[in-house]
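S.K.: Next come the chains, spelled out residue by residue.
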Amino acid sequence: MCGVCGCGHKESRIESKPTHQHEHSHADHHHTHDEGDDSGTSRLVQVEQDIQSKNNAFAQQNRQWFRDRGLFVLNLVSSPGSGKTSLLTRSLTDLKSDFSLGVIEGDQETSNDADRIRQTGVSAIQINTGKGCHLDAHQVGHAVENLAPDNDALVFIENVGNLVCPASFDLGEAHKVAILSVTEGDDKPLKYPNMFYAADLMVINKMDLLPYVEFDVDKCIAAARQIKPEIKVICVSAITGEGMDNWYRWIKIAREQKFIGLAEQTRRIEEGSPDKTI
Amino acid sequence: MHELALCESVLDIIVGESRKQGFARVKQVWLEVGEMAGVELQAMEFSFDVVTRGSIVESAALNILQIPGSAWCMQCSKNVAVRQRFDACPDCGSYQLQINGGDEMRIKELEVE
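In the order they appear, the protein sequences are chains A and B. Under the numbering used here, the residue at position 39 of the first sequence is numbered 631, and the numbers go up by one with no gaps. Under the numbering used here, the residue at position 74 of the second sequence is numbered 59, and the numbers go up by one with no gaps.
None of these hints come from the bench; they were simulated from the model. Each hint should be verified, as a subset may be incorrect.
Derived EDC-like pairs: lysine to aspartate or glutamate, alpha-carbon spacing no greater than 16 Å straight-line [to be verified]:
1. B/K93 with B/D(-3)
2. B/K93 with B/E2
3. B/K12 with B/E94
4. B/K5 with B/E98
5. B/K5 with B/E96
6. B/K12 with B/E98
7. A/K811 with A/E776
8. B/K93 with A/E640
9. A/K783 with B/D72
10. A/K850 with A/D660
11. B/K12 with B/D34
12. B/K93 with B/E17
13. A/K824 with A/D837
14. B/K5 with A/D744
15. A/K723 with B/E(-7)
16. B/K93 with A/D642
17. A/K783 with B/E25
18. A/K688 with A/D744
All chains, full assembly: derive it from the sequences and hints.
M.R.: So, in structure tokens, the structure goes:
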């Protein structure tokens, strides 16, 4: 799958760098590339490339890989401690009878979360990002190959707990789902606008704790809609199960919608009229 | 700190370009970064120095051009200036805006030799 990468030396580039000393000043820095003998002449070259083009290319590869296998992939993003893993383990238990499932877990260190997932009987692959603050499309491409999910499976990617960086990295997922809990601030969408802009669904978790905290659900929803007017919102408690049915309905409908479109597209390509929009 | 990862991408792209466009040393780099791209410029500059060390981009000057935010207001049917994703339309106050500028991150140009 990974045609472009020369992986292995990539992940820890910063660490593996200083194998040679950098005390030298530029004056004694001899270049052996004066072939043209036009030293001192500089020129401008146009590049015009998206800085994220490499990640986006991997994301596109992932998307194709998911599509070929009928996988529906959700990228769960949140701050640390929002209850992502609890939400996920309950969802896996409840959805096991309806779908073939798989999980990719991203954390800076430890395989604790993947272990918790595996206890539900669902296979999980842990990615430890080490110094990294987000998952990128390249890591996910390899992880999903190792995960080897069944065709038509539902795959959850639990991103590193961080509401900043994961917003900028497309992993090839169908949707980003932002999870927020009532023990956090209700203005969080405004504080981390890029993430709530990137997400298609906001799940407000820990609703069972609402009576004990100062969290205004309406204010939070208004804040999220200020950033993304079309964002969907579901309020749940992964502990009591409140609202979880709505979350499962959203997953099923979003999955159906994705594949209705894809089936139609494939049919049109086979019939030789791929350009007609549906 | 995803700026470190972004700088690694910048370096990868430049090294790739050096083969395509035939240059051995980079003196200046121009990036275009949108105001709403979620990039912290100071972190970008810091990471750039760290990441480019020992490469053909070492000691190159980094110039970052900030691209102002803009959005299409559905109510007014026109482009308006915004600074944040949660800004309302400055003319009509609506939040029905589609961001269409200011979230880009591009390598624009290089000075090479």
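S.K.: So, for every hint listed, does it hold in this structure?
M.R.: Here is how each hint holds up against the structure:
1. B/K93 with B/D(-3): Holds: B/K93 and B/D(-3) sit about 14 Å apart, inside 16 Å.
2. B/K93 with B/E2: holds, 12 Å
3. B/K12 with B/E94: holds, 11 Å
4. B/K5 with B/E98: holds, 14 Å
5. B/K5 with B/E96: holds, 15 Å
6. B/K12 with B/E98: holds, 7 Å
7. A/K811 with A/E776: holds, 13 Å
8. B/K93 with A/E640: holds, 5 Å
9. A/K783 with B/D72: Holds, because 13 Å separates the two Cα atoms, which is no more than 16 Å.
10. A/K850 with A/D660: holds, 13 Å
11. B/K12 with B/D34: Status holds; Cα separation ~13 Å.
12. B/K93 with B/E17: holds, 6 Å
13. A/K824 with A/D837: holds, 15 Å
14. B/K5 with A/D744: violated, 41 Å
15. A/K723 with B/E(-7): holds, 14 Å
16. B/K93 with A/D642: Holds: B/K93 and A/D642 sit about 9 Å apart, inside 16 Å.
17. A/K783 with B/E25: holds, 15 Å
18. A/K688 with A/D744: The given pair, whose Cα atoms are some 13 Å apart, holds under the 16 Å limit.
Hint 14 alone, counting from the list given before, is not met by this structure.
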